[in-house]
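**Student:** Each protein sequence line maps, in turn, to chains V and S. Using my numbering, you'd call the opening residue of the first sequence number 1 and step up by one each time. Using my numbering, you'd call the opening residue of the second sequence number 1 and step up by one each time.
Since the hints were made in silico from the structure, they are not lab data. Glycine residues also receive a C-beta, built at the ideal position from the N, C-alpha and C atoms. Mixed in with the good hints there might be a few duds.
Unchecked claim - Computed footprint of chain V on chain S; a stretch qualifies when at least three of its residues, placed anywhere within it, have a C-beta under 8 Å from a C-beta of chain V:
1) 53–62
2) 104–113
Unchecked claim - Subject to a maximum C-alpha distance of 20 Å in a straight line, what follows is the list of computed SDA-like cross-link-like pairs (lysine to any residue):
3) V:K43 / S:P83
4) V:K43 / S:D15
5) V:K43 / S:A60
6) S:K48 / S:P83
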Amino acid sequence: MLAAVPSNLRRLPLHELHTRHGAKFMPFAHYEMPVNYRAGVLKEHLHTRAAASLFDVSHMGQILIRSRGHSTMHDVALALESIMPIDVISLKDGRQRYGFLTTMTGGIRDDLMVVNLGRQFLLIVNASCKAEDEAYLSERLSKYGQVQPLADRVLLALQGPRAAEVLAELTADIARLRFMDATEFALQGVACWVTRSGYTGEDGFEISVPTKAAMSLAERLLTSPHVRLAGLGARDSLRLEAGLCLYGADIDLDTTPVQAALEWAIPAARRTGGARAGGFPGAGIILTQLEQGAPDRRVGLSSDQRPVRASTPLFLDEASDMPCGRVTSGGFGPSLHSPVAMGYVPSTQAKPGTRLWAQVRGQRFAVTVARLPFIAHRYQR
Amino acid sequence: MTIHYTADHEWIAVDGDVATVGITDHAQSALGDLVFVQLPAVGRELEKGTEAAVVESVKAASEVLAPLSGTILEVNVGLSADPALVNSDPMGAGWLFKLLISEPVEITTLLSKDTYEAGLR
Chain V
1 MLAAVPSNLR RLPLHELHTR HGAKFMPFAH YEMPVNYRAG VLKEHLHTRA
51 AASLFDVSHM GQILIRSRGH STMHDVALAL ESIMPIDVIS LKDGRQRYGF
101 LTTMTGGIRD DLMVVNLGRQ FLLIVNASCK AEDEAYLSER LSKYGQVQPL
151 ADRVLLALQG PRAAEVLAEL TADIARLRFM DATEFALQGV ACWVTRSGYT
201 GEDGFEISVP TKAAMSLAER LLTSPHVRLA GLGARDSLRL EAGLCLYGAD
251 IDLDTTPVQA ALEWAIPAAR RTGGARAGGF PGAGIILTQL EQGAPDRRVG
301 LSSDQRPVRA STPLFLDEAS DMPCGRVTSG GFGPSLHSPV AMGYVPSTQA
351 KPGTRLWAQV RGQRFAVTVA RLPFIAHRYQ R
Chain S
1 MTIHYTADHE WIAVDGDVAT VGITDHAQSA LGDLVFVQLP AVGRELEKGT
51 EAAVVESVKA ASEVLAPLSG TILEVNVGLS ADPALVNSDP MGAGWLFKLL
101 ISEPVEITTL LSKDTYEAGL R
């Protein structure tokens, strides 16, 4: 029932803060991560949607990419487009965009955020992929870009409807950031990179702060009566309700962006007939699937009472032997007060309202394909 | 009535040949807020060590094994509407099921309160 935390894990720079606030830890991507604090996952989740929560997501990789020699930011943007099917060329100074690194077979090597900081790009990548990403980026960008993993920065996420007013106490200028804007701000006299974005479906900010200034910033934010700490458990249920993918669960090397229902991130310029069509790994299969569809598709799944967890098989009817799909993440959605899940089903069965069957511990019960997100995003655009 | 424990964090209140089973305060605290409890059918015969119930928290699903062999007499139907009773009162209103003990000798394999609590340290 209970597992001990293995000892060969890395600790977050703010580990002591988490311990002081009663964190329970669990191993995640080689880190000892706070899964919840005294309040528990349910309350932390609900507090995030009602007020604001502070998450320490320093396990994620922060990678700077600067132009090298005579190359320009434009050259680096083109080089990034050679490994991602997104539009980096039109990404303006002070803006961030969601993207993913693709494989030769059209799979997803990692999903990430690309931030244009003016004279450099900042990539925020998944903890479980960061070592491989660093090596891959160094290899693929070496001609134009200098790839610098940042080891001495903490990443804090302040998420929820009151996040903006809390952060405005430190710098009133924060109000001019819109969703997916990114700017350098002085917070408590220290230069930080702040983006208006997150992984909860709520308005909020991600703050990259030098480690030496991080404890003081986190404690300052926690002095607000609106802010409480929230852990990885709430982060997972929040992103699931928001219909956002978890790398390694909902997307991986074997899922294409089209199967994963992430076509929205691939703009016309990179599609067949576009100004910079193709030219990324797996372009053949991804461009074909964009026009013809994929055999299966990521969908939302809802069920009446019991949660369906990752790797639960899905069936077309109550008696069929062969699974037609599988759940990739699932659990209980505290804001909906009902189970929520995502999974892959045949594209012919992907329409919201379609009934399928899940099998849990030998029992079959009905699940319904649901529209994503389960909870409307509340981004400040 | 004597309360026994298992290393799997269950408590068993034995009253004559009837055992009432639940999970300990330590277990509910470790699991976190429960959102779903699956209980066995009344009349089902269970062998000691086989899956009897499933408790699911926001975080994960965990099996509750039958701590003794026997036949299910009654289940706590209140938990389907309010699984959080297990969190708020694990040793009382949050009980899971009652079984008619078929192998009384198995009671000797259960742990005392002191032995169970020593194992938590």
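**Student:** Now tell me, hint by hint, if it's right for this structure.
**Tutor:** How the hints compare with the structure:
{"no.": "1", "hint": "53–62", "verdict": "holds (count 8)"}
{"no.": "2", "hint": "104–113", "verdict": "violated (count 0)"}
{"no.": "3", "hint": "V:K43 / S:P83", "verdict": "16 Å, holds"}
{"no.": "4", "hint": "V:K43 / S:D15", "verdict": "37 Å, violated"}
{"no.": "5", "hint": "V:K43 / S:A60", "verdict": "16 Å, holds"}
{"no.": "6", "hint": "S:K48 / S:P83", "verdict": "24 Å, violated"}
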